[in-house]
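Asks: Chain by chain, the residues run as shown.
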Amino acid sequence: MGIQKLFGGNFPLLEKSLNLRARRHELIVSNIANADTPHYKSFDIIIEDELQKTGNTSHALPLETTHRNHLRSVSNGFDQVTIHTKESDGLSLRGDGNTVDMDREMVNLSENAINYRAASQIIGKMFGVLKAAINNGK
Amino acid sequence: MSDLIINKTVPPISTPLADPSKAAEPTDGAFGKIIGRAINDVNKQMAEADKAVEALTSGTNKDIHGTMIAMEKASISFHLINQIRNKIIDAYKEVQRMSF
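Heads up: the sequence lines are chains L and W, in that order. Residues in the first sequence are numbered from 1 upward in steps of one, following my numbering. Residues in the second sequence are numbered from 1001 upward in steps of one, following my numbering.
The set of hints was computed from the structure by calculation and includes no laboratory data. Ideal Cβ positions, reconstructed from N, Cα and C, are used throughout, including at glycine. Don't take each hint at face value.
To be verified - Capping the alpha-carbon separation at 27 angstroms, the derived lysine-lysine pairs in DSS-like fashion look like this:
id, chain 1, residue 1, chain 2, residue 2
1, L, K125, W, K1087
2, L, K125, W, K1044
3, W, K1044, L, K131
4, L, K5, W, K1051
5, L, K131, W, K1051
6, L, K125, W, K1051
7, W, K1073, L, K5
8, W, K1087, W, K1073
9, L, K125, W, K1073
10, W, K1062, W, K1051
11, W, K1044, L, K5
12, W, K1062, L, K125
13, L, K41, W, K1051
14, W, K1033, W, K1093
15, L, K131, W, K1093
16, W, K1087, L, K131
Unchecked claim - Facing chain L, from chain W, some residues (calculated, C-beta under 7 angstroms):
id, residue
17, D1050
18, V1053
19, E1054
20, T1057
21, S1058
22, G1059
23, I1064
24, M1071
25, S1075
26, H1079
The following block holds chain W by itself, in its conformation from the complex:
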């Protein structure tokens, strides 16, 4: 039965050729997590701005400039995350167009 083993010196495919101690750390979705957290932050900021607008409009809060600043922050964050999303999609398309 030992004849069936063709070449004992060839290492099994499953073992990585590189040093296993230097293998890349598991990065399952690390980038996705960063993006997800950023989107959550923007969403939270917009919800806060909405709450401030409601309080100002219904008169429970007289802080006009605070509301304006909160709204502007939320708006800028939203525009930023939107542009980041556009860039990510552009990068994805770039990779998709690559030919090997």
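Pulled out of the complex, with its shape left as it was, chain L reads as follows:
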């Protein structure tokens, strides 16, 4: 068993999720900051879509390395998760072309914060179980 398998399983998924949620937080905050900018279009990342797209690659067949000169694939499937931003289809509520809907941004902000906290607690717990296994349960 390689040492990289120690942090296999759900660790890459959670890391990627935390990265994306941190980015999404910045994005929502920038939407809120631009709530009064004329012609500003609010936008968003749909994190779940990105993670589901690549989430199943961990079950894909790995590339065989049958010769020592073959390059080993080091990506874990989640490296390819890229940030796609999407202009939200909010209606312009005012005459100045600004599409920031403050209520929706607030809902997105707190939803994102809750999910971020959940993911960080989960990954903390997973590290705790690993540590317990290494330290003989102490």
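With chain L fixed as given, assemble chain W onto it according to the hints.
Replies: For chain W alone, kept in the frame of chain L given last:
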């Protein structure tokens, strides 16, 4: 040839001295089986928690508290089985140190 039999009254060694009907039931690995089953249960619980975490993180499931409870259960089960293992090893060492 019958002279070679030294003492007919001594029972053969193979027969147990105790009442054969009261002989202990075959316990080959009964304790091991219990421990093995417990370890399997813990493993299953951890796999379930992993599945719940994956579903929550990728957004197919919104059940945050269910995932947290599953994780905590798996974690506590793991710690318990780890302590049981430590106790078993301690007991083994204790027996090993015994002098007769």
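Asks: Work down the list of hints and note, for each, if the structure agrees.
Replies: Here is what the structure says about each hint:
1. K125/L to K1087/W: 24 angstroms, holds
2. K125/L to K1044/W: Holds, because 18 angstroms separates the two Cα atoms, which is no more than 27 angstroms.
3. K1044/W to K131/L: Distance of about 20 angstroms is within 27 angstroms: holds.
4. K5/L to K1051/W: 17 angstroms, holds
5. K131/L to K1051/W: 21 angstroms, holds
6. K125/L to K1051/W: 15 angstroms, holds
7. K1073/W to K5/L: 24 angstroms, holds
8. K1087/W to K1073/W: Judged against 27 angstroms, a Cα distance of about 21 angstroms means the pair holds.
9. K125/L to K1073/W: 11 angstroms, holds
10. K1062/W to K1051/W: Distance of about 13 angstroms is within 27 angstroms: holds.
11. K1044/W to K5/L: 19 angstroms, holds
12. K1062/W to K125/L: 19 angstroms, holds
13. K41/L to K1051/W: 37 angstroms, violated
14. K1033/W to K1093/W: Given that 27 angstroms is the threshold and the Cα spacing comes to 21 angstroms, the pair holds.
15. K131/L to K1093/W: Measuring from Cα to Cα gives roughly 25 angstroms; hence the hint holds.
16. K1087/W to K131/L: 19 angstroms, holds
17. D1050: 6 angstroms, holds
18. V1053: 5 angstroms, holds
19. E1054: 6 angstroms, holds
20. T1057: 5 angstroms, holds
21. S1058: Holds - the Cβ of S1058/W comes within 7 angstroms of chain L, reaching about 4 angstroms at its closest.
22. G1059: 3 angstroms, holds
23. I1064: At 5 angstroms from the nearest chain L Cβ, I1064/W passes the 7 angstroms test, so the hint holds.
24. M1071: At about 5 angstroms, which falls below the 7 angstroms cut-off, the nearest Cβ of chain L leaves the hint on M1071/W intact, so it holds.
25. S1075: Where the cut-off is 7 angstroms and the nearest Cβ of chain L is about 5 angstroms from S1075/W, the hint holds.
26. H1079: Constraint on H1079/W satisfied, holds at 6 angstroms.
Of the numbered hints stated above, the single one contradicted by the structure is hint 13.
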